[in-house]
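Place chain C on chain W using the hints.
Chains W and C, in that order, are what the protein sequence lines are.
Position 282, counted from 1, in the first sequence is what UniProt numbering calls 282; the numbers after and before it change by one each time, with no gaps.
Position 54, counted from 1, in the second sequence is what UniProt numbering calls 54; the numbers after and before it change by one each time, with no gaps.
It is worth saying that the hints were derived from the structure and are not from the lab.
No experiment lies behind these values; they were computed from the predicted model shown.
Worth double-checking, as some hints may not be accurate.
Given that identical chains are not distinguished, each listed pair holds provided it fits within a single copy or across any two copies.
[As the list claims (entries may be wrong)] Derived DSBU-like pairs: lysine-lysine, alpha-carbon spacing no greater than 35 angstroms straight-line: (1) K277 / K28; (2) K241 / K277; (3) K277 / K29; (4) K277 / K131; (5) K107 / K241; (6) K241 / K29; (7) K28 / K241.
Protein chains: 2
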Amino acid sequence: MTLSIAHLGPRGTYTEQAAIFYVNSLIKKTGIAATLCPYPSIAQSLQAVAVGYTQLAVVPVENSIEGSVTMTMDTLWQLDNLRIQLALVMPIVHTLISCASGLDSIKTVYSHPQALAQCQGWLERFLPTVKLIPTNSTTEPLQYLESDNTAAVITSSRGAQLYNLPILASGINDYPENCTRFWVVSQSQTEADYHISSADASHTSLAFTVPSNMPGALVKPLQVFAQLNINLSRIESRPTKRSLGEYLFFIDLEADTTSAQMQSALEQLTTYTEVIKIFGSYNVLPISPLEL
Amino acid sequence: MTLSIAHLGPRGTYTEQAAIFYVNSLIKKTGIAATLCPYPSIAQSLQAVAVGYTQLAVVPVENSIEGSVTMTMDTLWQLDNLRIQLALVMPIVHTLISCASGLDSIKTVYSHPQALAQCQGWLERFLPTVKLIPTNSTTEPLQYLESDNTAAVITSSRGAQLYNLPILASGINDYPENCTRFWVVSQSQTEADYHISSADASHTSLAFTVPSNMPGALVKPLQVFAQLNINLSRIESRPTKRSLGEYLFFIDLEADTTSAQMQSALEQLTTYTEVIKIFGSYNVLPISPLEL
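So here's chain W without its partners, still in its complex pose (with noise of 0.2 angstroms):
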């Protein structure tokens, strides 16, 4: 059995970073092998899982420093039949790749919006004239090194290393602690053969609409939770694009939806929402820097 694996390409990406530690990982704990996809972006990633062109996709889910990943969350309540399997938290180091002779001689800057948002305190510093623009991901853009020696690009070192390209400044991020989180997905009825970890699960997700514009409408489903005593690690609001400030909540909480608490959490919460979409129950597996 090999298992396919959807992620944001092309390769070098952190997205594939994290899918090929988690590909190790699963053939050294299962025995089961898988191959990587990848796709031109999040959402084709999720939708090929969905459509059952492979079986997992790797997608990230929030940045330590710039927040939510939003076609993420946006793309999961859509589809519907997914199920999140496992939870990665990776140390991001950028680095900033180029053909020119030198910071002088750089004029443009491309890379991914989350990773030019994260260096930009660097690039105001070293580059403060240079031209910033924006990518689908951090890889797609290091094709125009080679025939321009005055762009440069904000990537991985593993970009450099598989693209053969040279690094002209390393660890280029403002906060030394930035780390992304990603989701491994699967369709929802899928047994869960491929966990690497053995743990009861630590987390769940979930996404609600609250039934009307009242005060206290969201504090309900909340209280529930505090009440039940379960942390809620995490909470994110996104439009649910039908008028402005009507939302969707994504929550995360720390606990495993077998639990009792839990059962009876949701049980309370079906009175306090309208619609509530339960994205799984899964481990977090923080990624060392050594195993990157």
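Chain C only, in chain W's frame:
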């Protein structure tokens, strides 16, 4: 007296359109004239006010489809000395502008990531094979059109008019109910002598961090508002940028800070929050499509 107003440029952006509406309302209601100063980013528009280059800035806050403009929230929290004077809600109608002879010959579509995302369904249907290139604003890429007949830009019809460029398709946003909320922002110590509404403020915006990561840490501040019957019209979490899982909460409330309820809420809130910043009380002015 002539006010200067910073906004995201170059000329023809939706933010400029909102700023023009504000300038026209201001002169009609108060006789105060204002000039517009385009800046290359939202952060730079807000910084211009913070250091006194301009008296006001108009910045986008959230779109009904794509959600929060995180650069606005993060910069407002960082700058510390800004106050919201007014909110504007503007309907958004995207058009496709190009010098191509028809849709068939288009190979590349440029626009701000929010605009690309708001038209993704239309793009998949009518231009499924084109390359989508994100840009810093909806008007920045208009410069490419005259020299490249295979390029198109998603922007406002005003952008087409201003730069005298042909419209290939109108109303291409996936959801007709597409609107964006903007804030008019000044320095916090500024006397509000350019209010265009005399009514009591209907909304207050604030942000806070909670002291510790434990069950109920967020529920307590929200309960304060619910018990005082103050409606929460929006909650948005943003990373503190210290470590993954630590958040700021941005909250919009339907009350004026000077009301007895809000005074009581703010007093109670100090017990449950770590740092709290109040960005001001203001009215919300909807812009009708006929006024654009």
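The hints, checked one at a time:
For the homomeric pair K277 and K28, the shortest alpha-carbon distance inside one copy (33 angstroms) is at most 35 angstroms, but the shortest distance between copies (49 angstroms) is not. Taking CA atoms no more than 35 angstroms apart as the test, K241 paired with K277 passes in both settings, with 17 angstroms inside one copy and 29 angstroms between copies. In the homo-oligomer, the alpha carbons of K277 and K29 lie at most 35 angstroms apart inside one protomer (31 angstroms), although the nearest pairing across protomers, at 48 angstroms, exceeds that limit. Proximity of K277 and K131 under a CA criterion of 35 angstroms is satisfied inter-copy only: 33 angstroms between copies versus 42 angstroms inside one chain copy.
In this assembly of identical chains, the alpha carbons of K107 and K241 lie at most 35 angstroms apart only when taken from different copies (29 angstroms versus 39 angstroms within one copy). Taking the shortest alpha-carbon separations for K241 and K29, only the inter-copy value of 34 angstroms comes in at or below 35 angstroms, while the best intra-copy value is 42 angstroms. Taking the closest pair of Cα atoms, K28 and K241 come within 35 angstroms of each other only across two copies (34 angstroms); inside a single copy the shortest separation is 43 angstroms, beyond that limit.
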